[in-house]
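Based on the sequences and whatever the hints tell you, model everything.
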Amino acid sequence: MVKHSVTLPDKKLWENFLLGDSTSFKLIYERSIYDLLAYGRSFCQDQEVVKDSIHDLFVELHNTRSRLGKTDKILPYLMVILKRILVKKLRKKETNRLLDIERLPFMLDICEDETDSDGDDNFVRLKKALDELTPRQREAIHLKYSAGLSYEELSKVMNLNYQTSRNLIFRAIQKLRVILKENQVVVLLLVSLDRAKRK
Amino acid sequence: MENSPPGNFQELITNSHFIDWVSNPTPESEQYWQSFVQKNPSIRDEFEKARYVVKTLQRKRKAIDDDNVREIWDSIQSDLKPKTDNLKLFRWWRVAAAIAVIIGLAGLFYLNFDRQDIDYSKIAVTGTDVSDITLVMSDGSRKVFTAQQTSFSYSQSGLVMVDSTMLITEPNGKATGSHQEFNQLIIPFGKQSTLFLADGTEVILNSGSHVIYPVTFTGAKREIYLEGEAYLKVSHNAEMPFYVNTNEMNVRVLGTEFDVSAYAEENTSYVVLVNGSVEAQLNDENVLLQENERLTFRKSVNRIEKAVVDVREYISWKDGWMYCNNESIGDITKKLSRYYNLEFVFQNKNAEMLTMTGKLDLRSDYRNVLDVICFSAPVKYTEEEGRIIFNLK
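So the sequences go chain by chain: A and B. So in our numbering, the last spot in the first sequence is 199, and the numbers never skip. So in our numbering, the last spot in the second sequence is 1393, and the numbers never skip.
Read the hints as simulated data drawn from the structure, not as lab findings. The C-beta atom is built at its ideal place from N, Cα and C for all residues, glycine as well. All clues given are correct.
Quick list of the computed label-pair ranges, beta carbon to beta carbon: (1) Pro1041(B) with Arg67(A): 56 to 64 Å; (2) Asn63(A) with Asn1326(B): 55 to 63 Å; (3) Asn167(A) with Asp1020(B): 21 to 29 Å; (4) His1017(B) with Glu102(A): 30 to 38 Å; (5) Asn63(A) with Asn1024(B): 34 to 42 Å; (6) Gly1127(B) with Arg67(A): 16 to 24 Å; (7) Glu102(A) with Ala1147(B): 38 to 46 Å; (8) Arg1367(B) with Lys93(A): 54 to 62 Å.
Calculated cross-link-like contacts (lysine-lysine; reagent style DSSO-like; alpha-carbon spacing at most 27 Å): (9) Lys89(A) with Lys1060(B); (10) Lys73(A) with Lys1143(B); (11) Lys1060(B) with Lys127(A); (12) Lys127(A) with Lys51(A); (13) Lys1318(B) with Lys11(A); (14) Lys12(A) with Lys1143(B); (15) Lys156(A) with Lys1060(B); (16) Lys128(A) with Lys1060(B); (17) Lys1060(B) with Lys73(A); (18) Lys1334(B) with Lys1318(B).
What follows is the structure, given as structure tokens:
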């Protein structure tokens, strides 16, 4: 897909889209699609369901644009809709009929930097640490760091108030720190063993 | 939290500058954080850890999704309703622009006069007290544009191009016989617009204006109705003279540049001719205007006056300037109130009477403009509940 040098602010892009501009529609798709795929996949392992939901999201967006309101941040806006569509689809599956949005699983799928061979230990530790968070903490971490949302945007997507979303991140980070700290002992130990071997 | 430098893992990892640096390092941020670690060697460990965590969390699997991205887009496209052909429109836009330029250079003019025979009071919509630029189509439907400035271009086939990006189809676009369909554009205070009519005539509309015009011109003449202020560059067509009708006077042209100001709340209406020649008709009296001349109609005394003026004072608004030549602060603020949609109050009438000469840059924030006024004249202002209160210093 063509990569755009993007300078148009979200607000203007969204306005143009609401006015019926098809280029803006495509640009919105290109700017948000990778983040939407990542976000959707975190809720649902079934890739086809995620792709279907994103398809529905954009078709709905296009067909209802005359009734949509303004926004100056498009990605969180789309995330809210995607989450709604996804939950609806998941609920349709029999076992999830009573799926509670609060109890929705959230997988934080981080990927390794292949060029960084020293990162292996760190990576395993971080992955483990993230596994110990609650699903909502993982979701908050994903929105804040991977999707790059502000606390305000994050609180809208997760339907929390501002302070709650800050606390959520804070507690998640606190937990990460403790877990990483515990592991630090192991690291130091490994390093010293290594040194001993070299001697 | 972000005011004092971060001191531990938690503070680092939630610090927005730190996050920005990890995702998008700039030479400045690079230098800042490098020296930050050097100055705080005790937290080096936490620092590296925080950086690693942020970096890893930010990393995205772009490459593996490329096929999905294409696949989803294709499926969306196949489910959308067919769209208008953009390419065709862009071509048409280029032609229209070329005509306008040629006309600007040609300068061929006539003078003549005819009676206004369209009853605009029947066509004019009510509800012109809008806060956004509003286009009223021939079927009465409204399109609202939130930008400060919007441009509209009409094609011969009744398509409207907005800001060279978006297309609207006028429901009764195709002209049938001599019957004309009208569109209306309402520009609220604080906004401006450029309108290219179907004949290539350029109309720059100032704040607080309402213009009525046919979607395409048919018949023996081209006519529009204006309330407010507009700068016109009329495209030349000797077969179809161009008329601007206002409540008090009708202006007839064949290819020329001029400014018409006819605000309902102002005591005077005027036409200023920049280029070419026009004829104005008021009270069954025809007055011929030369370049750099202004024709003023004073409603209260029902009288007309003609004078040679510095046209820049009258047309500079279209380029975002306001030339004042010995103009009273009262008059200046009246124009500013339209341009910025502000309300002015004078606590001291003498402040209103003071005059100024110079150039104001209207593209800047209104506070800058008011500061310039207060710098050049012995006045000061305060803002209270959205109103600007002027007083003597």
